[in-house]
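> Now for the letters of each chain:
Protein chains: 2
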Amino acid sequence: MSEFLRLLPPKEALEIWLDNLPDSSPFLQPLLVENSLGRILAEDIRAKEPLPAFDRSTVDGFAVHASDTFGASESLPAYLNLADEIPMGHPAQQPLSIHSAAPIHTGGMLPSGADAVVMLEYTQTTGTGELEVLRPVAPLENILKTGEDVKPGQLILSKGKRIRPEEIGGFSALGIQQINCFAQPRVGILSSGDEVVPPDQTPRPGQVRDINSFSLAALVENFGGIPVRHGILPDREEIFLGRLQEVLEHSDFVIITAGSSASSRDLTARVIQQMGDPGVLVHGVNIKPGKPTILAVCNGKPIIGLPGNPVSAMVIARLFAVPVIHKLAGLKKPAIPASIPASLTINLPSQAGREDWIPVKLVSSPQGWIAEPIFFKSNLIFSLVQADGVICIPPESNGLPGGDLVNVVIL
Amino acid sequence: MSEFLRLLPPKEALEIWLDNLPDSSPFLQPLLVENSLGRILAEDIRAKEPLPAFDRSTVDGFAVHASDTFGASESLPAYLNLADEIPMGHPAQQPLSIHSAAPIHTGGMLPSGADAVVMLEYTQTTGTGELEVLRPVAPLENILKTGEDVKPGQLILSKGKRIRPEEIGGFSALGIQQINCFAQPRVGILSSGDEVVPPDQTPRPGQVRDINSFSLAALVENFGGIPVRHGILPDREEIFLGRLQEVLEHSDFVIITAGSSASSRDLTARVIQQMGDPGVLVHGVNIKPGKPTILAVCNGKPIIGLPGNPVSAMVIARLFAVPVIHKLAGLKKPAIPASIPASLTINLPSQAGREDWIPVKLVSSPQGWIAEPIFFKSNLIFSLVQADGVICIPPESNGLPGGDLVNVVIL
Chain V
63 MSEFLRLLPP
73 KEALEIWLDN
83 LPDSSPFLQP
93 LLVENSLGRI
103 LAEDIRAKEP
113 LPAFDRSTVD
123 GFAVHASDTF
133 GASESLPAYL
143 NLADEIPMGH
153 PAQQPLSIHS
163 AAPIHTGGML
173 PSGADAVVML
183 EYTQTTGTGE
193 LEVLRPVAPL
203 ENILKTGEDV
213 KPGQLILSKG
223 KRIRPEEIGG
233 FSALGIQQIN
243 CFAQPRVGIL
253 SSGDEVVPPD
263 QTPRPGQVRD
273 INSFSLAALV
283 ENFGGIPVRH
293 GILPDREEIF
303 LGRLQEVLEH
313 SDFVIITAGS
323 SASSRDLTAR
333 VIQQMGDPGV
343 LVHGVNIKPG
353 KPTILAVCNG
363 KPIIGLPGNP
373 VSAMVIARLF
383 AVPVIHKLAG
393 LKKPAIPASI
403 PASLTINLPS
413 QAGREDWIPV
423 KLVSSPQGWI
433 AEPIFFKSNL
443 IFSLVQADGV
453 ICIPPESNGL
463 PGGDLVNVVI
473 L
Chain C
63 MSEFLRLLPP
73 KEALEIWLDN
83 LPDSSPFLQP
93 LLVENSLGRI
103 LAEDIRAKEP
113 LPAFDRSTVD
123 GFAVHASDTF
133 GASESLPAYL
143 NLADEIPMGH
153 PAQQPLSIHS
163 AAPIHTGGML
173 PSGADAVVML
183 EYTQTTGTGE
193 LEVLRPVAPL
203 ENILKTGEDV
213 KPGQLILSKG
223 KRIRPEEIGG
233 FSALGIQQIN
243 CFAQPRVGIL
253 SSGDEVVPPD
263 QTPRPGQVRD
273 INSFSLAALV
283 ENFGGIPVRH
293 GILPDREEIF
303 LGRLQEVLEH
313 SDFVIITAGS
323 SASSRDLTAR
333 VIQQMGDPGV
343 LVHGVNIKPG
353 KPTILAVCNG
363 KPIIGLPGNP
373 VSAMVIARLF
383 AVPVIHKLAG
393 LKKPAIPASI
403 PASLTINLPS
413 QAGREDWIPV
423 KLVSSPQGWI
433 AEPIFFKSNL
443 IFSLVQADGV
453 ICIPPESNGL
463 PGGDLVNVVI
473 L
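Taken in sequence, the protein lines are chains V and C.
Residue numbers for the first sequence follow our numbering, beginning at 63 and rising by one.
Residue numbers for the second sequence follow our numbering, beginning at 63 and rising by one.
These aren't lab readings, by the way, just hints derived from the structure by calculation.
Please note that the accuracy of each hint is not assured.
Same chains, same label: a pair holds when it works inside one copy or across any pair of copies.
[Claimed, not checked] Derived DSBU-like pairs: lysine-lysine, alpha-carbon spacing no greater than 35 Å straight-line:
1. K439 x K73
2. K353 x K110
3. K207 x K353
4. K213 x K223
5. K73 x K363
Please work from the sequences and hints to get the whole structure.
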């Protein structure tokens, strides 16, 4: 399994990988709603009760029988008897008699018999216990009907939905305090390369500190996985094999970054291939940075071999590892990547047939956002630190002209 | 301080509020880099060493004296003596002699004397200990110079920057393991309204469950604050006053949602006004939903009074509370909101002079994203639960035509 027998287009490579993942359901985890932010719902939720639970006024004014106001005008008002005010948080003491109007606040509960609310500004009190209504209201005007937001039995949230603050509000509205979420996938992270040492060690000449284990762990955390760092492997097949086997057993997904040399990348592919069927599915993607990417599934578990260069590793992890984390987490609808349209400052040439990703700085201008490409080598981590986002030059294009409106994916 | 003496444009309202916040610096908190994801850096970081720390090869090939290859071609190769291979993670045993070539891997350390690397594919080994070089290389070709990414003393990250996976990678590269971050702001959250009961309670007729405390706590968490829920206040000034005073003492920022009635909103403004100078700065914003918004600063601490309707509360919290959380957290550059361009399905009329925010569903199509507006009443939380994002109709417009490309802010 040597490198780059055939470079696959990124889209096709990702599809092959995802298609080879088994449809296993992650474990369920019961959670208090208030602790469920960002988690994936593992059950369909149906409402047990209507929302609102009673007819409510949407304005400040007077609850009336709509028919009592028909024909009312400023010159010929309808005269209604003032009933008792409806207190907030309580039902009316009695049904609303005909030819009567009960003062009501926004959110107040309509008395039985009432079918509309006249807004305060279209009324006048006379001081004699009577109310002048200066405009007619139609039945149902200015009220929220029982069940208008949600009906009993209605499916309100589906399995596989990510829980945002909005969903937490919805659960609270219905009195739902505990839900089943999917367990978060455990993502094992391994670095390799004879030249790589942990960041707490002072590198000797020829050595570099491990960057990828830490940046990738943070990326995994950001996108809903539980990262577990498993250290650095030397480029020795027998050690690598045993260690990867062990890590794979304890993980739902394994991310390996190779050392920067081609021999280290070849070793990584060779070792992954021995982890089980179907093994390495993709070795080499037509993308820059990140050509030497390895995508594998071994005994039902995904493994990705990332290039060792820190910029390549991060770009490829966002494009390939994040969708797999989302799939393993039970997310149904793929997340929409945060992005912003911006005007490109300069021409960006690229090679047709290859997908290119370029880090950019975003600068605000009176005409909107401006994207300034950062000239980078994929081994310079600080070109990504400076970047606000990345832009894609698609394979079918041989570059983007300066002044073009591009879509910047926010980092 | 009665409602809506003057409705301010949203942008102006936010500016007034932010301008009245004192420039206090949040507390410092030393953190391990691996625990700092999403936090705000509280110090300028300068590199103590160069990156890379030594001249590295960017390709697989042979380290050479560039001048030894000048004039080389396929028909007239340069012949060089093969030196020992440079092992990954180690320096060469000896300087590279003139007319010699040392095998080197990508990421390997250049031997002293060498100033370029010839790519493997432009060479041929002869079997007699000699190397044929088929193309010339220029000095510095295919190498990363010491300090090319970062120079010693260089400012690499500034105070006020949010830490992403990329920054964590940068710290690791430099061996930085602990940094000072700003403490996260504590955000006190209070609900009010005589009709509001906690979600674990079954509402009696006329009562509704507290939605806002929970959805807002999740929003605060999402945007880097530490939410603390302080329960529900009745619409009684003497209780409200004492409780708010207490909460304000223990918080960096207080979010109050009023009951849904106008009298509950008036009470909220009256109570806030008594918390200290300058008090209520804005009462009423020209926006829909969310007109009755109250913005205040009392004794140096911001307070926001949100409308009680759950949709209004969430929309206004995103527009006003989030920038204040970011300011209190020490974030220097405002966050770029995640958004996506989409084609609007239908005409959306609006009132000129007012800023409107409409929840939309996003549907993927071969032509790109499509935004389907959700018809909502601001008291229906499930209109937000269904939404993928919101779009803005700016004050200077009286609507958006169907087919227009709009910017959907992702929820």
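> All hints are to be evaluated individually against the structure, with a verdict given for each.
Status of each hint after checking the structure:
| no. | hint | verdict |
| --- | --- | --- |
| 1 | K439 x K73 | within (24 Å within a copy, 41 Å between copies) |
| 2 | K353 x K110 | between (52 Å within a copy, 32 Å between copies) |
| 3 | K207 x K353 | between (59 Å within a copy, 23 Å between copies) |
| 4 | K213 x K223 | within (20 Å within a copy, 46 Å between copies) |
| 5 | K73 x K363 | within (20 Å within a copy, 50 Å between copies) |
Comparing the model with each earlier hint shows no violations; every hint is respected.
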